[in-house]
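Keeping the supplied structure of chain A fixed, place chain B upon it in accordance with the hints.
The listed protein sequences correspond, in order, to chains A and B.
Residues in the first sequence are numbered consecutively from 1, following the numbering used here.
Residues in the second sequence are numbered consecutively from 1, following the numbering used here.
Quick caveat, the hints were computed from the structure, so don't treat them as lab data.
Remember, predicted model here, so these are calculated numbers, not experimental data.
Hints are supplied without guarantee of correctness; some may be wrong.
Said to hold, decoys possible - Pairs of lysine-lysine, BS3-like flavour, derived with a Cα cap of 27 Å: (1) B:Lys330 with B:Lys112; (2) B:Lys315 with B:Lys330; (3) B:Lys329 with B:Lys315; (4) A:Lys246 with A:Lys87; (5) A:Lys15 with B:Lys285; (6) B:Lys285 with B:Lys315; (7) A:Lys15 with B:Lys112; (8) A:Lys15 with B:Lys315; (9) A:Lys117 with B:Lys23; (10) B:Lys285 with B:Lys112; (11) A:Lys117 with B:Lys285.
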Amino acid sequence: MSSTFDATIGKSFFKRYAPYFQALPLWLVMIDFMLIPIIVIVFYSTYRVENYVIATDFRLDDLGFLKQYWTTISSGSTWVAYWTGIKLTFFAWAISLVIGLVVSYYLVFDVPRLSTKIALFLICVIPFWTSGVIRTLAWLPFFGKDGIVNRFLDWLGFIDQPLEFLLYSEFTVVVSYVHIYSLFMVAPIFNTMARINPSLIEAAIEYGASGWQTFRNVVLPLSMPGIIIGTIFVVTLAMGDFTSIKILGGGQTGNPAYLMVNYIPLQYPTAAAQGIILLVVLLLFVAGLTRIVDIRKQL
Amino acid sequence: MAQAHASPATSSRDAQSVRRDWKAWRRVFFWAFVVFLYGPMAVIILLAFQGANGGLVLPFTGPSMHWFADVFEPTYIGDFRAPFVRSLLLGLVAMVLTVVISFMAGLAFRRKFYGSGALFYLTIASLITPSLLVSLGIALFFQWLDFLPAYWQAGLGAHLTWTLPFGVLIMLAVFNRLDPAYEEASRDQGATSWQTLRHVIIPITAPGMVGVALFGFTMSYDEYPRTSLLSGDANTLPAELVSVQANNASPSLYAVGALTTFFSFVVIGLAFGSLYMMQAHRAGKLEGVPILGALGRLLGGGDAEAKKAEAARLKEEAVMEYRIAELEKKIHGVERELTAFYGMPADTAGNNEHSGR
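So here's chain A without its partners, still in its complex pose (with noise of 0.2 Å):
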């Protein structure tokens, strides 16, 4: 013992550190590109800009370092902005919620084989691997004024004219929303429901359950830790977005963040701020829901 004590205190050492060794790399990009910038974007946001210049003073005697946050939250265009996303995001939520769990649902309990299951649920996944603008300019050629689907509508006779409301409209920008958010509600419902155990459900027909009350009292409960996080990526990517709504949008509606990228290149301490109030609303809203599920359980 005595002799070998200079070698191992060294490698006890490490041992006993290591995970602060391997924590390292981690920290240092999250703190780096993540928690430094989103403090020098609350610095930035105390800036004030007067006669198109940006004044960079710290005022504390008349809340001047609050004046971006006044300016953003006394203007209307702020207001209609929140109503646009909240609407926008809401009706991406509440159908990929719909295709997360029905889609689940015959993944899981209706789909017999295991290597089947893996490989149709592959087939729902393999599109978030390729790239989102391209899925999402393409639906220019199908919802323009000489579009697919007007075409098609046409053919059957249904129209006369075109449909304008199809592209650069809220209902474009929702369609692209639940092209490209809903794998983030099907994968982790499909999670959890395949972690249900099947004598449950059988035990519920058995005991005369239809199948609604089978779906509505055994199978969502149960389900439910997979809602909560699809509902926060939905959530979060949908309020976060500015492409989706700048491609397919036409320049007529706008989220919160999209009125975020009109003012950065000029204002941007007036973005900074609407960004950190944007920030500080999904966290409230992810915290809250939070509450209700541990992720870390879920892994």
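For chain B alone, coordinates are given in the frame of chain A:
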């Protein structure tokens, strides 16, 4: 309830047929969802083969390769070749870093360490923070430092804030399912921690790491919002696509889309191919197969049959030892309880109330 008892046979048959009906509808719903997922992509690929005078929408005047030729020549609307190379390199670097950092973090999270909760929540926060905010934050941070942001430093960092949370979550799930008996066995056989890592932990978690690599590469290669304020004048491919779309759209946009989608499918195929190779190699299916055997050895390492036998033996030993250890623990527990109750051994007698006897 009473009604159900009155005619159990008919009611259950009715219920069953209703159930079967719903099942059929669910199947229709599922395949409709698949069409919804792939339909637009298919249209893009079809329209990429538009004829020279064809437009962004139907009618289809092709098939021709006209717009593909456009992609490989710089035109006034933009040059896709340099952005592709940038995105490819960025994706590869992001992939390697994501795999290494997630694996290390996964190892770290297996033990309790000071700040692990904070690091976990910071990683989750990075997942739910709007990408525009990350982009703006890094842009302002670089402005404050007086650095010019470019895709290979600021852009790379921004991509890592998106790929790492996925990588870390996957690795946490992988490590949660890793049986500690394997490591105990390895240690009991006299392996150092490095040997255990190299020969036990890495091979077992390798399929998970292939998954992380797939996420890391594709999510970086396709990422637009986080790079939007950071690429400077050297655009990545998605950023170039968005700017070309805004300025002048021609079917060459679809040609790029078709090519990059095809490329994504190749990458996905590579990932699943290597997963399959690992599995087949471990199962010893690739022994003696000319090229695949060598590839399998490269991916899985070593001679499959010998490894498999050795692994089976080690696992058996490990399980036995684990069980013995558990039993010993139980025995110790019972002993302790007995001691506490009867106060038998003299040296602990002072600690319990029965010592008076």
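Results for each hint:
1. B:Lys330 with B:Lys112: holds, 25 Å
2. B:Lys315 with B:Lys330: holds, 22 Å
3. B:Lys329 with B:Lys315: holds, 20 Å
4. A:Lys246 with A:Lys87: holds, 17 Å
5. A:Lys15 with B:Lys285: violated, 39 Å
6. B:Lys285 with B:Lys315: Answer holds: Lys285 (chain B) to Lys315 (chain B) is near 21 Å, not above 27 Å.
7. A:Lys15 with B:Lys112: With Cα atoms ~13 Å apart, Lys15 (chain A) and Lys112 (chain B) stay inside 27 Å; holds.
8. A:Lys15 with B:Lys315: holds, 25 Å
9. A:Lys117 with B:Lys23: holds, 15 Å
10. B:Lys285 with B:Lys112: violated, 40 Å
11. A:Lys117 with B:Lys285: Satisfied, since the Cα-Cα distance of roughly 24 Å is no more than 27 Å.
The structure does not agree with the numbered hints 5 and 10 stated previously, though it agrees with the rest.
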